[in-house]
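2 protein chains.
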Amino acid sequence: MRLIVPLQGVVQGRGGLFVGSLIPCCLFYFLQLYLKRRRSPPPDSDSTELPRTSSRSSLFTRGNSIGRVRVSSRAVPLAKPPDSPYYIGLERVKTDPYDRVSNRDGIIQLGLAESTLCFDLLQRWMSENLMDSMMHYSDDVDGGFDISSIAMYQPFEGLLEVRVAFADFMSRIMGGNVSFDPSNMVITAGGTPALEVLAFCLADHGNAFLIPSPYYPGFDRDIKFRTGIELIPVHCRSSDNFTVTVSALEQALNLARKRGIKVSGILFSNPSNPVGNILSRETLHAILSFAQEKNIHVISDEIFAGSVYGEDKEFVSMAEVAAASGDFDKSRVHIVYGLSKDLSLPGFRAGVIYSFHEDVLSAAKKLMRFSSMPVPVQRILISLLSDTRFIEEYMAAHRRRIRDKHFLFVEGLKQLGIPCAESGGGLYCWVDMSSLLTSYSEKGELELFEKLLSVAKINATPGTACYCIEPGWFRCCFTALADEDIPVIMERIKRLAESSTS
Amino acid sequence: MRLIVPLQGVVQGRGGLFVGSLIPCCLFYFLQLYLKRRRSPPPDSDSTELPRTSSRSSLFTRGNSIGRVRVSSRAVPLAKPPDSPYYIGLERVKTDPYDRVSNRDGIIQLGLAESTLCFDLLQRWMSENLMDSMMHYSDDVDGGFDISSIAMYQPFEGLLEVRVAFADFMSRIMGGNVSFDPSNMVITAGGTPALEVLAFCLADHGNAFLIPSPYYPGFDRDIKFRTGIELIPVHCRSSDNFTVTVSALEQALNLARKRGIKVSGILFSNPSNPVGNILSRETLHAILSFAQEKNIHVISDEIFAGSVYGEDKEFVSMAEVAAASGDFDKSRVHIVYGLSKDLSLPGFRAGVIYSFHEDVLSAAKKLMRFSSMPVPVQRILISLLSDTRFIEEYMAAHRRRIRDKHFLFVEGLKQLGIPCAESGGGLYCWVDMSSLLTSYSEKGELELFEKLLSVAKINATPGTACYCIEPGWFRCCFTALADEDIPVIMERIKRLAESSTS
Chain A
3 MRLIVPLQGV
13 VQGRGGLFVG
23 SLIPCCLFYF
33 LQLYLKRRRS
43 PPPDSDSTEL
53 PRTSSRSSLF
63 TRGNSIGRVR
73 VSSRAVPLAK
83 PPDSPYYIGL
93 ERVKTDPYDR
103 VSNRDGIIQL
113 GLAESTLCFD
123 LLQRWMSENL
133 MDSMMHYSDD
143 VDGGFDISSI
153 AMYQPFEGLL
163 EVRVAFADFM
173 SRIMGGNVSF
183 DPSNMVITAG
193 GTPALEVLAF
203 CLADHGNAFL
213 IPSPYYPGFD
223 RDIKFRTGIE
233 LIPVHCRSSD
243 NFTVTVSALE
253 QALNLARKRG
263 IKVSGILFSN
273 PSNPVGNILS
283 RETLHAILSF
293 AQEKNIHVIS
303 DEIFAGSVYG
313 EDKEFVSMAE
323 VAAASGDFDK
333 SRVHIVYGLS
343 KDLSLPGFRA
353 GVIYSFHEDV
363 LSAAKKLMRF
373 SSMPVPVQRI
383 LISLLSDTRF
393 IEEYMAAHRR
403 RIRDKHFLFV
413 EGLKQLGIPC
423 AESGGGLYCW
433 VDMSSLLTSY
443 SEKGELELFE
453 KLLSVAKINA
463 TPGTACYCIE
473 PGWFRCCFTA
483 LADEDIPVIM
493 ERIKRLAESS
503 TS
Chain B
3 MRLIVPLQGV
13 VQGRGGLFVG
23 SLIPCCLFYF
33 LQLYLKRRRS
43 PPPDSDSTEL
53 PRTSSRSSLF
63 TRGNSIGRVR
73 VSSRAVPLAK
83 PPDSPYYIGL
93 ERVKTDPYDR
103 VSNRDGIIQL
113 GLAESTLCFD
123 LLQRWMSENL
133 MDSMMHYSDD
143 VDGGFDISSI
153 AMYQPFEGLL
163 EVRVAFADFM
173 SRIMGGNVSF
183 DPSNMVITAG
193 GTPALEVLAF
203 CLADHGNAFL
213 IPSPYYPGFD
223 RDIKFRTGIE
233 LIPVHCRSSD
243 NFTVTVSALE
253 QALNLARKRG
263 IKVSGILFSN
273 PSNPVGNILS
283 RETLHAILSF
293 AQEKNIHVIS
303 DEIFAGSVYG
313 EDKEFVSMAE
323 VAAASGDFDK
333 SRVHIVYGLS
343 KDLSLPGFRA
353 GVIYSFHEDV
363 LSAAKKLMRF
373 SSMPVPVQRI
383 LISLLSDTRF
393 IEEYMAAHRR
403 RIRDKHFLFV
413 EGLKQLGIPC
423 AESGGGLYCW
433 VDMSSLLTSY
443 SEKGELELFE
453 KLLSVAKINA
463 TPGTACYCIE
473 PGWFRCCFTA
483 LADEDIPVIM
493 ERIKRLAESS
503 TS
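As you go down the protein sequences, you meet chains A and B in turn. My numbering applies: residue 3 is where the first sequence begins, and numbers increase by one. My numbering applies: residue 3 is where the second sequence begins, and numbers increase by one.
So here's chain A without its partners, still in its complex pose (with noise of 0.2 angstroms):
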């Protein structure tokens, strides 16, 4: 078939300039109408589609499928069920999960990262003050404790106290070489929307985040839900202990530029999820100034910050990289903290944004109508972090059992011949499990998982889910185990082993 190009025809005289142009002119004309006519159906063609009738029994009867209402398509692939291992595996330990005494056969969960280390601390500290520390006595309210400071409405943002509270609890879990401004903190119920909201005030959608990987799975559900915003892998591997460079990060913006993308932010977990290195102050102050040579947004997630069990290992907050150093337009750092982790407080559903972005705050706070911490939570909360003794004691607690824990089970694996990656922070280890694959490959990994889960019964994060590149990696969480789980574990794993090589 010959092509007719509109230009032919100026190169052709006259008669080519009618033939060459008029023909495809027209046909892309008409092309464009019938696309157009294509691709808008007429507003509420749900509706219109329907015979407009009074007798409306005849057509819509109880499970009648005919005319049903639709959901928005943003909320369809919600409903389906999930696809990533991460959440499979933890679906499939609620049908069968573990008990030491009850359920000796069940799947053991290790894809969670919860800590049950310290509960009997918890225990004591909750048994001896809850009461108190919600029941205000107001000298204005007769016979009892003042109700409204728990009922009333407050700032959605939280409570001053319960941000000061925070801002030194944090200070302290952080060396103390790093002061945090109360006035700079959002209060969130829980670390998923302070991310969610920081999301949605730096990121228009359909830019994206550069995002170190493995990086942990529910950061695709936090984001991409609702924001509309992509999340751009920066692959790390085994050979750097999965740490981020900067050739890295430059190499993924400028693919992503390619691809018509707008980088708005590059996002980090510190200590790292899933691997458990530290960011070292050198690494943090060259993503800081590659984030401002970019002129884009740092949000780094230090919600394992008080987790932090190496020997040698000091963490480091990118509030404290940001402040030290006068180069820095520090509106562009965004922290994401919460108790779920380094107080093991989950189900409190504690979150904090701390920016140094005005506007960030501002819109944060408004967004706050949609996340803000129960009052009770946040009177709570003020009494435990302001416990500066009780803290303390915890703390160290927290981070000597971490490290005991992490050392049994790292053990258990060594003794199996099974290496983990270097770590120092979080509840879980980096384990390479790659001489127990049947093929070094992604479809290798997830045959492994599934062997992981319904032979050996044991749920553990396969790095697929993480977006790791390189085969055989898991994630395993260690701290709601107990000690005598971890001979289990090791037992069922070298069956495993064995009836794979046999």
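Don't read these hints as lab results, they were simulated from the structure.
Note that identical chains are pooled: a pair holds if it fits in a single copy or bridges any two copies.
With a straight-line Cα cutoff of 25 angstroms, these simulated DMTMM-like cross-link-like pairs (lysine to aspartate or glutamate) come out:
no.	residue 1	residue 2
1	Lys264	Asp361
2	Lys96	Asp183
3	Lys416	Asp107
4	Lys367	Glu116
5	Lys459	Asp107
6	Lys416	Asp242
7	Lys459	Glu93
8	Lys367	Glu163
9	Lys82	Asp183
10	Lys459	Asp101
11	Lys96	Glu360
12	Lys226	Asp361
13	Lys264	Asp206
14	Lys82	Glu452
15	Lys367	Asp98
16	Lys367	Asp222
17	Lys367	Glu93
18	Lys96	Asp148
19	Lys96	Asp361
20	Lys367	Asp85
Treat the numbers as computed from the prediction; the structure is a model and nothing was measured.
Dock chain B against chain A, hints included.
Using the frame of chain A, we list chain B on its own:
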């Protein structure tokens, strides 16, 4: 100017065909190209505009606005001060709040729908039960309560016990004619996120909900802040006591369609906010029939269902109407409820989504990661809502005390010659202050709003903020007032009226 349309040539013969179609076709073709180039700027324009240099400090010094990082375009309007008189009024009260002891000249708050009427009862219950409600003892735990029952992760949609307790409570306060199935329920951290999550699930960006006006000004933030859904007011009039009619809905729907907007549902509050009228069974039936005919959703905000005080008023839930007849596809019906109003516990952030649509429930459960109710709050509410003796006592007192306060407030206004709309529920009344307007217009109403705030020192919400088309109406919330405050308010309004006429 002579317009040459492509098909003109057809009727003008061969010469006309060339002249008639060639020129506009070419123009159209190049216009398309031109517009396409203008519409999509090069990606990452922010960062490409910055000179690449390693000497960052010269470019980005502290406080230097060059290269200052920007927030998302959707955060920009949120970071600005509010422009709705509703929020302006609330902010102004904070600067100089009335206190009958310490600041008798301060601004009296009639803008916030909260109640302190039964704080004596709540105080008693909390003093006696708060501790036990949170402390679950377990045989497995040595010497104390089971901290895991409040500290650990729980299903984001709420524990089964809290959903059962909510279902029983809702059925009870809604007259016992309707039962709620806990499995159709998602517990949320407040009515506000319940509404936003529903909106997200039912409509897409650019779609709209019809909403009878005047409506509660907070809906604008609840729905529009993040979902991108429009609210189309369906104007109701004082002649119908501001009750919506099907013909008004039909008209608004047709108008929306003409504008090319897809209407996904109808949102309304019952008892209505700000008017306080209670929708009859017939009206609810008509709304649901209309929604069925148009195949759209119905969102019924029933957060004031237990605050009905009219002698002969009966509250009917949309859930009851949907369930009562086999004619309706129930899956289009969604109820929002919460404890901020009926139980006077806004500080607890307790809300519910009740839906008959499986996909909506599945999606909402996943979205609860952003707005789940903290477990300690769930524990308190399980005890509180299950204490049926207390709930009966509380609800009877709550209704009686609203009725008495309403009588005092409305009588006070009546003596000043200021009438109110007929109402039977809610923590407010809808006051016709048109006699105080200097001009019968929106401008006149806003002038009166400002005079009330700065001269009379009263914050009442003007109808404009509620999209009321008749000027002069104000919403006045009276349930946080002491009896002795009411003469103070009346005196202030009287003086304002006198100074206006003199």
